[in-house]
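Engineer: Chains as they are written, first to last, in the working numbering: chain A, 78 to 366; chain B, 1045 to 1480; chain C, 1114 to 1408.
It is worth saying that the hints were derived from the structure and are not from the lab. A hint or two may mislead.
[Unchecked claim] What follows is a list of derived Cβ distance ranges for each label pair:
1) 1107(B) to 275(A): 26 to 36 Å
2) 1061(B) to 1271(C): 51 to 61 Å
3) 1272(C) to 1278(B): 25 to 35 Å
4) 253(A) to 1477(B): 50 to 60 Å
5) 1340(B) to 301(A): 31 to 41 Å
6) 1061(B) to 1263(C): 50 to 60 Å
7) 1061(B) to 266(A): 28 to 38 Å
8) 1187(B) to 1260(C): 25 to 35 Å
9) 191(A) to 1211(C): 46 to 56 Å
10) 1280(B) to 1271(C): 30 to 40 Å
Just so it is clear, the structure is predicted and the values come from calculations on it, not from any experiment. Using N, Cα and C, we set each Cβ at its ideal position, and we do this for glycine too.
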Amino acid sequence: MSTVAQAPPLAAPVRKRRRRRTIGLKYVLLLILAVIILMPVYVLLVTSFKGVIETDAAHAWSLPHLWSVDAWRQAWTQLSPNMRNSFELVIPATLLSTMLGALNGFALSKWRFPGADLVFTFFLFGMFIPYQAVMIPLTQLLTNIHFPTGIPSLIFAHIVYGIPITALIFRNYYATIPDELMEAARMDRAGMFRTFWSVVLPISMPAFVVALIWQFTSIWNDFLFAVFIVTDPSQWPVTVALNNTTGSLVTPYNLQMAAALLASAPTLVVYILLGRYFMRGLMAGALKG
Amino acid sequence: MSKIIPGSRTRLALVAVLALVLVLPAAASARTKSSTGSAASCQLSVFSWWTGGGEAAGLTKLIAIWNKQNPTCPFKNETVAGGAGSNAKAVLAQRLAAHKPPDSFQGHAGKELQDYIKAGQVEPIDFIYTQYGFDKIMPKQLISQITYQGHLYSVPVNIHRANVLWYNPAVLKKAGIASVPKTWAQFTAALDKAKAAGVIPLALGEQWTQKHLFETVLISTLGVSGWNQLWTKEGDWNSAGVKTAIDRFNTLLAKYTNSDAGSLTWQDAGKLVADGKAAFNIMGDWQDGYFSGSTAGGNLALKPGTAYNWAAVPGSDGVYDWLSDSFTLPKGAPHRDAAIKWLAFLGSEKAQDTFNPVKGSIPARQDAKTSLYGPYLKWALQQWKTDKLAGSLTHGVVASNAWNAAIDSALGLFIQGHNTASFQKALVAAHDKNAS
Amino acid sequence: MKRIRRWGPGLLLVSPSIVLIAVFVYGLIGWNIKVSLSDWRQAQPSSGYAGLRAYRDLFHDAVWSLDLRHILIFTVVFIVGTLFVGWTLAFLLDKGVKGEGFFRAIYLFPMAVSFIASGIVWRWLMNPAPGDRETGLNAVFDHAGLHFLVNQWYLGQNWGMAAMAMPAVWALSGYIMALFLAGFRGVPEELREAARMDGASEYRVYRHVVFPHLRPVTLSALIILGHISIKVFDLIVAVGGKQLITQVPAVYMWIQIYDAQDYAKGAAIATLLLIGISVLIIPYLIFTVRSERNA
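Chain A extracted, bound-state conformation (with noise of 0.2 Å):
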């Protein structure tokens, strides 16, 4: 273990010194690079408290002069008819799929079968194919299976189109899972599900994040499926209510920043609500490939 290069330990003054030092000047870089990150969200804040006489381009730094809510009524308006609609296709779509993952996930890595790694990789190469050039005929073959149209369409899709990434973030988790603990459910004759539910599912819950947190944004900005699967605009997600608020002729910029921050609200209290259990998730390995 010891290939590094000896050299004289300092005195413990000095190191303390030093260490204040980096300390001191971390925290200045990460302000910086946290002001720089979040320069984009001050615009749309800023943004969207204008009024539209005052929004464009060209005062995008500028504070309002006349400070209004009407963009963000007006998005209100516009959106909460559809975040109905994306609680009904998200909540389903993610615990669904992720569940779904967790099985593949074991599956493929601690109740092996032969050619299991070959299926992984099928699995795989499914996130890499170009959704735009297969929704005409995506869209026929759930009409030819006749699944019930609308929001549960849309599920189905993510579901499906979820599988590679969720079997991933699984597959590499449960591969950190000392083998120890699955001989020693064996040795108590355990079949697959029991070895599942008392050994596996149990020490889940980082991956189960992980994969949620991935999920749920995926899901909730999708556009192309949402537009493309649900016909009827009553039951369309938010994303396209906020695509929406671009006019076809003059775009109301205040209104589609307001329209814009709203439909990121939630995603926002998902990752804030679940960021603690994100890096767990992560440290176990649920990426680390």
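We have chain A already, so just place chains B and C on it with the hints.
Structural biologist: Positioned in the frame of chain A, the structure of chains B and C alone reads:
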């Protein structure tokens, strides 16, 4: 490494949630079924991309009239925004392919509808024209230009004009431009003066507005018959006339337009003129809606004739570069009778005089009540009576979608490389591939 | 027989997913390849065989070459940029700072905003208006005296796509930061301590103990970023529209399918994109399988 170990209670909760989760979609599906109702009840589903501004306002007025006149068959507004109809067209294509058409959909009158016609996705509606007298009240030139193989497939609701030169009188005065240019030579002279005065001579926006500009230059250079001939099978894009037009266009791009054109929308470019930062802008007459409309809708509320003014694009006086929003009758429309009624309604004087003043366009019919229209539209109505008609390229009248896309590619490459010879060659190739 | 009873259930468990993927991914890929070889070039579907015409068309298409150049520049800048920023953020947060959760939430937030929305803002920020119409980041640079940074952004003739990658770097850096942070922290503290005991400086600890552990994470990050980059569409259209100056293959594919209705050409573009992506992930898969076999 701390892994959270939920106990058996948590696991049961997880299962309960999953069970609930399976119920939600069923509930949503049940709601869908109940809202679409039984097959007997009627709903007129109309597909368009009119999601904002004057268009949405005009459509709302039409919807109100329709619902009042047809309480048993309420209007179902299906709009998808984005890309001047790009998203809507894609979704529409998918619905038509899946044989789930709306009762009517919006499309630009002319060759843009050709793809739908050729695919057998829309019905001929000559009978509506004869039954309701549209063939008598709409200009003959217009009808002949939207007839395809002897049949009509859409009812035009409005007419927009593309070859309009917008200018700021104050800027012109400051630059010493005595009169609005009427020929190319006068135009370049005026542009030179504007440049010398330190303003942008010709405000320009992103790629499609440059195509729009090119189209007006072509029309001004070739004249109506030259223009119309280009779109036939015998059309000669290799001609000297086209070469001149390309050279003129190149001059405009190279010498007289703003360098950040690619980042400006058509309104941004218009605003440059309104703010006095540019002298001229060439754009369709929706620019008037933006200039004079109310600020509540995001417009500039300027006084027509004083804060801004207009004229025909130099060299094209007497030519109406027209485009039109129209509605069709899809094959297999779920409520065909209602759809036919809708089309008949759209072609009526009441509908057109309700919609157009709000939208900022003129009716396709020739019996418009002039008093309802603003100053610019009054002028346009005048011109519409006497001008010769040249269909727009950019807005789907004279060329099919495929042809338009080919021209887009050629134009995009030209904007990058400024190679006039390759541009002309590419246009010839686009014609040879797509003319019919 | 006993062996089958051992792994049979596993195979059974994944079989529904195998069927779904087979139909909804590979079935559609197959459909796509078939269309790319057909003569379907108008709204009416057509199943005549046209061979490699669509591919040959693309090969001679100046627009396609431009698209490829654009996506290459975008991909390189996006991946390198995101890896760099994400890594730096993770490095800064590694030892734990006060308010780590706060910083993490800030860095992660961009991913919550969809590209359709953030595209508008970035359009404003990257405004290339010259002179007294200057605004956005150019205005900030000039005010701060950093005149050399003022540029044409995404309208730049040759390197515009590098600017286009900025919003993407902004959006994904937080997620990559999280990946790397996990990677950093996945190194057992004992290993680090042992190295320190041996008298290694922090720099050496990082270089010889921590960084080698990051290889798998980096590879995962590369795959995720790569697949986003090659399919990028929403961002491009939100900032630059469908103009040629910022056009990428996914946008061209959309134009061919839904505007020009040359379905064969659109399908050919999709197939080429898939081939391009395979080039990225096959090394990953070989690496994964091999490293697992070695473990």
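Engineer: Against each hint, give a clear statement of whether it holds in the structure.
Structural biologist: Each hint tested on the structure:
1. The hint said 26 to 36 Å for the Cβ distance between residue 1107(B) and residue 275(A), and at roughly 60 Å that hint is violated.
2. Our hint of 51 to 61 Å for residue 1061(B) and residue 1271(C) holds, since their Cβ atoms are close to 53 Å apart.
3. Between residue 1272(C) and residue 1278(B) the beta carbon distance is about 44 Å. The supplied range of 25 to 35 Å is therefore violated.
4. A hinted range of 50 to 60 Å holds for the C-beta pair residue 253(A) and residue 1477(B), which are about 58 Å apart.
5. Between residue 1340(B) and residue 301(A) the beta carbons are some 33 Å apart, a value that agrees with the proposed interval 31 to 41 Å.
6. Checking the proposed 50 to 60 Å range against residue 1061(B) and residue 1263(C) shows it holds: the Cβ atoms sit about 53 Å from each other.
7. Range check, residue 1061(B) to residue 266(A): about 30 Å between beta-carbon atoms, so the 28 to 38 Å window is met.
8. Distance hint check for residue 1187(B) and residue 1260(C): the Cβ-Cβ separation is about 59 Å, which falls outside the suggested range of 25 to 35 Å.
9. About 52 Å separates the C-beta atoms of residue 191(A) and residue 1211(C), a value consistent with the hinted range of 46 to 56 Å.
10. Taken as a hint, the range 30 to 40 Å holds for the pair residue 1280(B) and residue 1271(C), whose Cβ atoms sit roughly 36 Å apart.
When each numbered hint is compared with the structure, violations occur for hints 1, 3, 8.
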